[in-house]
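A.B. asks: Residue numbers (full-length UniProt numbering), protein chains in the order written: chain E, 1 to 141; chain W, 1 to 141; chain P, 1 to 141; chain L, 1 to 141; chain D, 1 to 141; chain B, 1 to 141; chain G, 1 to 141; chain X, 1 to 141; chain Y, 1 to 141; chain S, 1 to 141.
Among the hints, a few may not be true.
Said to hold, decoys possible - Cβ pair distances, simulated, as ranges:
| # | chain 1 | residue 1 | chain 2 | residue 2 | range |
| --- | --- | --- | --- | --- | --- |
| 1 | S | Tyr66 | G | Glu59 | 43 to 51 Å |
| 2 | W | Glu59 | B | Glu113 | 41 to 49 Å |
| 3 | S | Tyr66 | B | Glu88 | 22 to 30 Å |
| 4 | P | Glu113 | X | Phe109 | 41 to 49 Å |
| 5 | W | Ser65 | Y | Tyr82 | 51 to 59 Å |
| 6 | X | Glu59 | G | Gly95 | 46 to 54 Å |
| 7 | X | Val77 | Y | Lys116 | 56 to 64 Å |
| 8 | L | Asp68 | D | Ala96 | 39 to 47 Å |
The set of hints was computed from the structure by calculation and includes no laboratory data.
Just so it is clear, the structure is predicted and the values come from calculations on it, not from any experiment.
Glycine included, each C-beta is placed from N, C-alpha and C at the ideal position.
10 protein chains.
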Amino acid sequence: MLKKIPKSLSPQLVKTLMEMGHGDEIVLGDANFPSSSVSSNVIRADGLSGAVLLEAILELFPLDSYADPSVILMEVVPGDDYKPEIWEDYKAILGASGEPFSIGYLERFDFYERAKKAYAVVATGEEALYANIILKKGVVR
Amino acid sequence: MLKKIPKSLSPQLVKTLMEMGHGDEIVLGDANFPSSSVSSNVIRADGLSGAVLLEAILELFPLDSYADPSVILMEVVPGDDYKPEIWEDYKAILGASGEPFSIGYLERFDFYERAKKAYAVVATGEEALYANIILKKGVVR
Amino acid sequence: MLKKIPKSLSPQLVKTLMEMGHGDEIVLGDANFPSSSVSSNVIRADGLSGAVLLEAILELFPLDSYADPSVILMEVVPGDDYKPEIWEDYKAILGASGEPFSIGYLERFDFYERAKKAYAVVATGEEALYANIILKKGVVR
Amino acid sequence: MLKKIPKSLSPQLVKTLMEMGHGDEIVLGDANFPSSSVSSNVIRADGLSGAVLLEAILELFPLDSYADPSVILMEVVPGDDYKPEIWEDYKAILGASGEPFSIGYLERFDFYERAKKAYAVVATGEEALYANIILKKGVVR
Amino acid sequence: MLKKIPKSLSPQLVKTLMEMGHGDEIVLGDANFPSSSVSSNVIRADGLSGAVLLEAILELFPLDSYADPSVILMEVVPGDDYKPEIWEDYKAILGASGEPFSIGYLERFDFYERAKKAYAVVATGEEALYANIILKKGVVR
Amino acid sequence: MLKKIPKSLSPQLVKTLMEMGHGDEIVLGDANFPSSSVSSNVIRADGLSGAVLLEAILELFPLDSYADPSVILMEVVPGDDYKPEIWEDYKAILGASGEPFSIGYLERFDFYERAKKAYAVVATGEEALYANIILKKGVVR
Amino acid sequence: MLKKIPKSLSPQLVKTLMEMGHGDEIVLGDANFPSSSVSSNVIRADGLSGAVLLEAILELFPLDSYADPSVILMEVVPGDDYKPEIWEDYKAILGASGEPFSIGYLERFDFYERAKKAYAVVATGEEALYANIILKKGVVR
Amino acid sequence: MLKKIPKSLSPQLVKTLMEMGHGDEIVLGDANFPSSSVSSNVIRADGLSGAVLLEAILELFPLDSYADPSVILMEVVPGDDYKPEIWEDYKAILGASGEPFSIGYLERFDFYERAKKAYAVVATGEEALYANIILKKGVVR
Amino acid sequence: MLKKIPKSLSPQLVKTLMEMGHGDEIVLGDANFPSSSVSSNVIRADGLSGAVLLEAILELFPLDSYADPSVILMEVVPGDDYKPEIWEDYKAILGASGEPFSIGYLERFDFYERAKKAYAVVATGEEALYANIILKKGVVR
Amino acid sequence: MLKKIPKSLSPQLVKTLMEMGHGDEIVLGDANFPSSSVSSNVIRADGLSGAVLLEAILELFPLDSYADPSVILMEVVPGDDYKPEIWEDYKAILGASGEPFSIGYLERFDFYERAKKAYAVVATGEEALYANIILKKGVVR
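Bound-form chain E, shown alone (with noise of 0.2 Å):
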């Protein structure tokens, strides 16, 4: 632990964060999310709730306010009766961190693709469906 920096963000998650650069992304998967398999930068973070972390992510990271959208999540599949209600709360902590967004949706594996290219993968133990979520950093100024 140290001062400043939130407590649920482990070591190598926080490197990896300050790593990161302008346009880089960064992806929540929630705890069903095939992340060893589109990652070969997976940071574990089992049993911590996507929100907690989102949160916490927020207090240092900039979102991208030169894309749009600057936030991506996963539709849900056609024929899968579900209302993701983690997306109010994802939602909610988005506009409380104070960083400009905008939201974007991909298709299932859509979403797979994209987050193949992603600078690393968050394995989160968020429990709730459809709770991935991208990242996209934005410029320190």
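Add chains W, P, L, D, B, G, X, Y and S to chain E, keeping to what the hints say.
C.D. replies: Structure of chains W, P, L, D, B, G, X, Y and S alone, referenced to chain E:
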């Protein structure tokens, strides 16, 4: 995630618990514990409380009925006016696990020496002080 | 050994199953299967039958209810007069697991190509021919 | 699989047995044995019994006719009312192997110290207690 | 050394032969063969003749009865007035092995391309020219 | 770069500071300090002054209020007529950090021995002589 | 530190500059540049300005007189109302170095593609925007 | 040092020359050659001239009598008014070696592409320009 | 293969012999010698006799004329009625090499201790008993 | 190659000299010196004389003015009738470097022990006997 396995345990932590044998010890270090300097086999569990992890581990992990004590806590440093309330939580979880156990106490630097010989150290996110605990593995019959 | 976890599963195999996510596939290769040439992520399980491993894995592993098929077997090579009796054992174990499943079949070299994309291959000791099987991981709700 | 080589032996285990020379020792640890804490050269054989492995190993492995004992078992801990029936199985297999042998016994922690100096440890799936056994390699003439 | 295993085979080579499965190929390259540039999995056997190694390997290794050819030799380069007498030795050893086999021939650079896809290359000490040979592994029944 | 984290700290250095626990020590070595021979965990910070790094580190890093001293400087070698003016800068930065601290002094080779036991060494670009400083980590409450 | 070598250059950076040959390129990325995602050969120089590093590097590093341009800057993104004043500093340093040079400009994503082919990327601490610069190595006569 | 082996050849270089087979190529890059960017198998020979190395290598290394050319030089870049006198030295050494040879020439970037496919690159200290040379290995009869 | 270098020596073995300096020792272990337990630097030479290797090594390797003995053999274990005829072969090869030498003898376990300090161990395929031999490297003048 | 840096120094050697600090020692071993057995940090410089390397190193490397001696040579072994003329060359180069120095002498095996503690060993190609030399690094002011 898998069926039957507590969701707060990371793949690396379960693998480690499986590799351990009779008499091997694992340390749950609190968020101030010098995990990385006492062990080269550290498993990060930032953001998770000691109680959550202890309960999850004991679902899988037998305590050593041959040893007395099978559980070790770190004594409060003389002059430090602190009452570790978390010990009561730990005792309740141990009691509820159904595993036989007895608790011993070690002075801070003796605890560190013991931890250096442990099979692994879990770096928990537990913010309470004196929340370090050592578990000795028993036999699965 | 741990409580609750089937004893024929190695620590590395359980870790692997935990790391896998929705849609990831694992191959149980029989003792003649070219495991090491189709995958760089091989887990040895010499001496263990396919049935023992399949049953143990299904105690922990959910099958993918979104996919059809969620289980794949390797077709008998045309001209090879062989009836894979082990398939009946596999079907009985799948049925007893309580997981929903549907079975597909792939020609030998198509099966190899599919195996190359799998998350991992378990090199079992199953001596029966045509005893290879692919399992697709589902969601833990 | 190869012709002539017992099928329950993994490639890594056969390689290890071949690398060993006169006087080197290998431990077959039972499923409760702390294999990974006594050795950095552990070969997993989860799910396989001690008897299956011992028999397979002795098809290939000569015992040391220069040493007395060439085989070591772990004594029952005083106060532990247990009769290791598996010892009779081991003796029968040793007798049937055609290798000359003599058996010694070591107290639990002396056994651990001896195991630390061994060339390798096989982590078997043998669930019987006190099923650990050390074999000392002889000369192939 | 172990009982039953031919003494000219190194531990790494036996491990490799064991890991191979149905349809995998191994190259015995002669002492002029560019082993290290065609494969990242080279097993050195300097000083040993091709015949000694072929005979030893075939004691353990089944040839592929599903494939035609199961053995491949490298054609003499047009214009090179050389008669590879070693081929007769190889054929005699193949015949004596009891394994069914059929022999194919590949032009020099086609042979190299085939070797690049092989599971492993043994860099033998065979000084005869055109002494390279590929073996395709069969099924152990 | 991230919000809140001082920009002169590298990702590896922040990760290291986070991994450290109560009582662990970090050395800021000056540009003549034999960092790589006293530690296998060296973090390069060439070109940066000791004062810049000390101030940035203390924004995040708590000093150990249980230990006396919690800060250690290297004594001037007897006979070396040098007055380390940088010590006054260091004391001002320590004072301004708000962390409680007490300073101790070690003879050159005792300082080296202490440094060998530290968790890490930062190889700064500080060109002043006798600018080495050890910090002992405290508890984050 | 050594005599003659600029003190702000790390050992790894000097080694890298030495290894480079005619036509190889090195990127000085600013503090927002996605260094780690465009290169696997990143040298951290946190906290150091682009001007300090450029001047130090040019003391040692020849520019390519065969190539036009030998220096590349990143164009301002259309719509971004920003005038990179640091470019004037860079030009002054280049001019003072005595090396012949010509400057080219690349659009942001073209610059990224060029950086992916560079020999190495220095992750500087330069906080100015559009402060990325590529240098092409010339011949030492 | 060993008897019979030229003293200017490093252990790694001799090992590399031994590993190479018929048709494999080795590059002697001059001191400006981008060795590390064209090859991941670079052997440093700083401070040694191309002539010293060429002569030493040819004491051991056969040239390929099947190939024309078996030796390749890098053409002078059009417009570069330079006459590579070192080529005469190289030719004299090749002639004195007793090996049959024929020389080809490649344009600068074609030479780089060829070098990327070579088995290894020796980074010599030769300061003359256009002193790069590729040797193709022949058969030892 | 290269010109001048004995063909039974592997690239790794020649590299090792070259790296050794005055006073360094190399062990030729027979096929029963515990090479891998006495050394972490083992070079396999399965299938090759001790005589073939000794003769080839002595073509390149100078013996230490400063040391007495420069060659060490392993004494027959008391009670073992065995006359190592191979010693006569070794002596003949040593005599024919032209290197000055003197032979010493060490008891089995003293020999093992000496071997643990050697620079490397060659695991030969020599099947004769007591065929182990240590060579001490001299100076090349 | 770079401007200002002596061309006979390899990138790895310059990196090593930069990493060294006050009091660290580097050994220049002659071509018979057992470099690889006294150090795990060996930098090869085959083919280069001790004088060339010493002169090049001293262009960059300060000697330790706090230590007496700062330079160490290896004494001639009693009974060895040899006068190391290279010492005069070394002394001339040391004198011409402008660095203050004093020379000490160590008996052969004491020299080896000292070398084992050095930061690195340069394996030069110097063929003269007794040409080993240790340099102790000083402070750059």
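A.B. asks: Hints broken by the structure, by number, lowest first?
C.D. replies: Hints 1 and 4 not satisfied by this model.
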